[in-house]
Amino acid sequence: MIVAAAICPSPPLLASGITGQAEILPELRAACAAAVARLLAAAPDVVAVAGPADATAPFDPAGELSLASYAPALRSSGPLPSAPALPLALGIGGLLLDAPGYQGPRAYQGIAEYEPAAACLALGAKIATAAPRVALLAMGDGTARRSASAPGYLDERAAPFDEAVERAVRAADLSALAALDPTLAADLLAVGRPAWQSLAGALATPHPGGAGPLQTEVLYSDAPLGVAYLVATLIP
Amino acid sequence: MDDVAAAVEQRAQLQRAPGLLRLGGHEFAPGRPLVMAIVNRTPDSFYRPGLTWDEDAALDRVHAAVAEGADILDVGGVPAKPGPEVTVAEEIRRVAPFIERVRAAYPDLVISADTWRHESARALCAAGTDLINDTWSAWDPSLAEVAAEFGAGLVCSHVGTLTPRTRPHRPAFADVVADVIDRVLLLAERAVKAGVDPDRIVIDPAHDFGKNTWHSLEITRRLSELTATGWPVLMSVSHKDFVGETLGADLGDRLAGTLAVTAVGAWLGARIFRAHDVRETRQALDMVASIRGDRPPARAVRALA
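In order, the protein sequences belong to chains A and B.
Just so we're aligned, residue 10 is where the first sequence starts under our numbering, counting upward by one.
Just so we're aligned, residue 69 is where the second sequence starts under our numbering, counting upward by one.
Honestly, the hints are just simulated from the structure, not real lab data.
A hint or two may mislead.
To be verified - Here are the computed distance ranges between Cβ atoms for each label pair:
(1) A:Asp-190 / B:Ser-358: 31 to 37 Å
(2) A:Glu-226 / B:Leu-323: 53 to 59 Å
(3) A:Ser-91 / B:Ser-358: 29 to 35 Å
(4) A:Asp-107 / B:Asp-267: 34 to 40 Å
(5) A:Ser-75 / B:Thr-231: 56 to 62 Å
Unchecked claim - Just a few of them, taken from the derived set where beta-carbon distance is under 7 Å, the chain A residues facing chain B:
(6) Pro-21
(7) Leu-234
(8) Val-236
Here the structure is a predicted model, which means the values were calculated and not measured.
Each residue gets a CB set at the ideal place from its N, CA and C atoms; glycine is no exception.
Kindly generate the complete structure, drawing on both the sequences and the hints.
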């Protein structure tokens with residue numbers, strides 16, 4: 010059962026040291042840290058991290074983000090990693106768990122960008138039943154076409170799309186998340202869509218709160234660099 | 069053991085592990101190149117003569133240099149080129165009160181005095197000098213004793229066969245880099261024996277001093293042989309003639325060449341860069357330090373959002 014769920018984005022700039030000497034978006038970092046703290050406060054048996062990947066597959070819990078892929082000068086001089094590198098979203102999720110010193114069990118679930126909504130919902134349900142107390146960290150970014158200087162340039166459909174996602178999360182409207190259009194999301198470079206829909210599937214399964222409402226809180230919602238970042242918690 | 073082997077052995081003994089460089093109250097680790105800003109208390113130095121002859125103008129120059137990122141200030145009262153005699157008394161009069169003013173304004177700033185006479189060096193150390201920049205390669209061997217007496221640092225340089233304030237005339241070396249290394253390591257060894265703190269000794273190949281343009285280019289090309297000795301290397305190349313001759317550039321047109329030499333020197337591990345153009349030099353050095361991986365970018369966000 011899901012005891013707590015959170016949504017965080019996964020820009021590389023959340024990795025420590027990658028932005029150089031400047032601290033970039035401290036509010037976003039603080040919001041992610043607060044969201045993860047709430048997951049851990051629910052005393053989960055396992056934290057499941059779900060996020061976009063090249064293919065739908067679980068990843069080795071010992072895996073890490075390959076920071077050197079993004080910043081070669083930051084290549085670690087330590088021993089070679091014991092597991093294959095994680096995809097970006099899962100790797101950032103892992104770093105978010107590492108930051109407060111979490112050493113309990115974790116599971117990484119990659120979800121292919123093309124995965125249809127039904128498959129994402131089913132995957133979420135599977136994650137929710139993996140242990141008696143599961144915390145879910147859904148790594149998902151919004152659109153990347155929010156301004157002319159955005160990575161994907163301006164698309165007028167981007168802001169309404171992100172607003173719809175935020176509204177659905179605030180209202181714990183799981184069916185609205187389930188109904189997000191994969192094609193539109195892909196057009197707008199909103200790579201978080203499969204992760205959000207997995208979260209919807211996970212939270213739709215029976216949880217300790219029974220049929221009671223989810224306590225939702227949006228901790229951050231902005232697109233300061235043209236990419237929509239949403240940080241939220243959904244607690245049964 | 070034959071002479072060559074003995075020389076190799078001796079040179080090996082004079083090497084040291086690259087480590088902390090101590091100047092004044094500061095400790096500088098390798099990987100952080102330092103800018104030494106030039107402030108001349110002369111009416112007739114070669115580049116922008118008289119710019120800081122007026123003491124208030126000189127102090128303004130100090131304020132600007134510090135604001136632009138200078139780590140060290142190098143104050144000189146006697147031009148390197150031949151010209152009217154500057155007596156010890158006159159040199160002290162030009163420089164000592166000024167160093168006292170700078171020291172009062174910047175208690176922590178590293179102050180270097182560009183001098184080659186021990187009488188001047190003693191007065192300038194008493195005024196607050198942290199580093200004696202002896203460009204004339206221990207023409208006055210007592211400089212090391214003054215450095216030791218005041219706990220100051222010492223620059224050990226190479227000028228071939230020159231005496232102070234003379235120009236090179238047909239200098240020739242079997243191997244200029246070997247000549248430089250032999251000389252500066254010998255001076256470093258002497259300085260240590262005289263009681264100078266080894267962590268406060270800097271070596272300087274002294275581009276243009278006792279060298280033609282080919283020699284200065286060779287020193288630059290093979291600077292890694294100097295940095296490999298482990299002693300911190302000072303590069304003093306700003307707007308010098310070898311830059312001008314190499315580029316066919318007049319005095320006012322040597323900044324790009326100066327920065328190119330600076331970048332190569334930084335890449336090859338030199339640690340101090342004596343410069344007229346502090347801001348530009350700081351930027352060039354920061355850029356090279358980041359390419360080397362010694363300094364993170366100021367801000368890296370592009371394509372990481």
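Flag every earlier hint the structure violates by its number, smallest first. 1
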